[in-house]
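Modelling step: build the complete structure from the supplied sequences, incorporating the hints.
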Amino acid sequence: MPRMRDYWLSKLCFDLQDPARVAEYRRDRDAVLEHYPLKPEVRAAVLRDDVAALARLTNPYLLRYYFAASGMPDAEFIARLRAGALAHG
Amino acid sequence: MAELVGIYAASHGPLIARDWQRLPEALKKRLSAAYGELGRRVSEARADVIVGLAPDHWTNFFLDNLPSLCIGIGEEHGGPPEPFMRDFSPNPVPGDPALGHHILETALAADFEPALSYRLRLDHGLCLPLSRLALPRLPRIVPILINELEPPMLSYRRCFAWGGLLRRAIASFAEPLRVAILATGGLSHSIGEPNMGAIDEDFDRRCLGAFERGEEAPLIEILEDGAATAGNGTHEIRNWAVAHGAASGRGFELLDYLPAPEVYVGCAFAAWRLDA
Numbered sequence: 192m193p194r195m196r197d198y199w200l201s202k203l204c205f206d207l208q209d210p211a212r213v214a215e216y217r218r219d220r221d222a223v224l225e226h227y228p229l230k231p232e233v234r235a236a237v238l239r240d241d242v243a244a245l246a247r248l249t250n251p252y253l254l255r256y257y258f259a260a261s262g263m264p265d266a267e268f269i270a271r272l273r274a275g276a277l278a279h280g
Numbered sequence: 011m012a013e014l015v016g017i018y019a020a021s022h023g024p025l026i027a028r029d030w031q032r033l034p035e036a037l038k039k040r041l042s043a044a045y046g047e048l049g050r051r052v053s054e055a056r057a058d059v060i061v062g063l064a065p066d067h068w069t070n071f072f073l074d075n076l077p078s079l080c081i082g083i084g085e086e087h088g089g090p091p092e093p094f095m096r097d098f099s100p101n102p103v104p105g106d107p108a109l110g111h112h113i114l115e116t117a118l119a120a121d122f123e124p125a126l127s128y129r130l131r132l133d134h135g136l137c138l139p140l141s142r143l144a145l146p147r148l149p150r151i152v153p154i155l156i157n158e159l160e161p162p163m164l165s166y167r168r169c170f171a172w173g174g175l176l177r178r179a180i181a182s183f184a185e186p187l188r189v190a191i192l193a194t195g196g197l198s199h200s201i202g203e204p205n206m207g208a209i210d211e212d213f214d215r216r217c218l219g220a221f222e223r224g225e226e227a228p229l230i231e232i233l234e235d236g237a238a239t240a241g242n243g244t245h246e247i248r249n250w251a252v253a254h255g256a257a258s259g260r261g262f263e264l265l266d267y268l269p270a271p272e273v274y275v276g277c278a279f280a281a282w283r284l285d286a
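In order, the protein sequence lines correspond to chains A and B.
Mapping of the first sequence onto our numbering: position 77 corresponds to residue 268, and the numbering continues sequentially without gaps.
Mapping of the second sequence onto our numbering: position 1 corresponds to residue 11, and the numbering continues sequentially without gaps.
Derived from the structure by calculation, the hints contain no laboratory data.
You may find that some hints are simply not true.
[Unchecked claim] Quick partial rundown of chain A residues pointing at chain B, CB under 8 angstroms, derived from the structure:
| # | residue |
| --- | --- |
| 1 | 196 |
| 2 | 205 |
| 3 | 210 |
| 4 | 251 |
| 5 | 253 |
| 6 | 255 |
| 7 | 269 |
| 8 | 273 |
| 9 | 276 |
[Unchecked claim] Computed spacing ranges between beta-carbons, pair by pair:
| # | chain 1 | residue 1 | chain 2 | residue 2 | range |
| --- | --- | --- | --- | --- | --- |
| 10 | A | 224 | B | 53 | 45 to 55 angstroms |
| 11 | B | 258 | A | 276 | 21 to 31 angstroms |
| 12 | A | 274 | B | 32 | 20 to 30 angstroms |
All figures in this text were calculated on a predicted structure; none of them were measured in a lab.
From the three backbone atoms N, C-alpha and C, an ideal C-beta is built for every residue, glycine too.
Below, the structure is given as structure tokens:
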């Protein structure tokens, strides 16, 4: 079985390419997340900015868009990806 | 009949546009020179139409509906949606429905199965190189978007075959059009992966060497290994493989190669040798 993507997480990342949606997300994360029926563990990973956990659930480009939109600097994003890869192989 | 007047490739990267003012002077100068030289050659070819081979950076397609390859046959295409590309002109981008439709029909008649679109949005993948070429007038664009972001994807063997199909389709188009091909993307880069920012110069140089010599079998081996070692951005070299197939594997002239960690991309620029 190939690695499958989490559809609604991916959809959230995809939609956050829209600057208006990004502004809304930064203002009220919970309100935006209401539109996405995320599994509880995925929603929890989103709320704690768990790069490594989300990396296993979506496309890497979409993940990059998401964290760029949510305001995480590239250096921190990359450091968290590497820490996740070291922890999980 | 239409004539294939040039086949080119250039890398792209959003930071080349978004962070341009912050890039080191030496890098800006070298990138400008490479895009400029390519632009000079494209201008000299006096193309009426450019067939643009590019990835879709989650602009038109999503997990709802993700074609392996899609041909844009509309009268016009949307310009880039990225805020850092807002100055791109012309927007909308004029297309060439007659040539696009002919490529589509030729493909289907030859057992290739592309998707079609009457209006694609062209993101920085194609529009960044197009803007940097600084052509006096942008030719009409027939975009061919290839899935290079989400596995599984077209095999490299099939990309070479698509190149041959494209060459035959252009040669059999009844109007006296001058057609160029521009492939964008690659070489090594990694986005959203643990080795994001890394450039695999050894991979890039082996890859470029094989393209220069026109060798398909070793190229396929190098390219298939690339995504594991040189980053997910190497999938975009599929566009180069299609261009290579369109040039009958005659090899290319490398205009420049610069590993540019500042923009996360091994940047390469090339022009293929055409049939004598």
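Of the hints stated earlier, which fail here? 11
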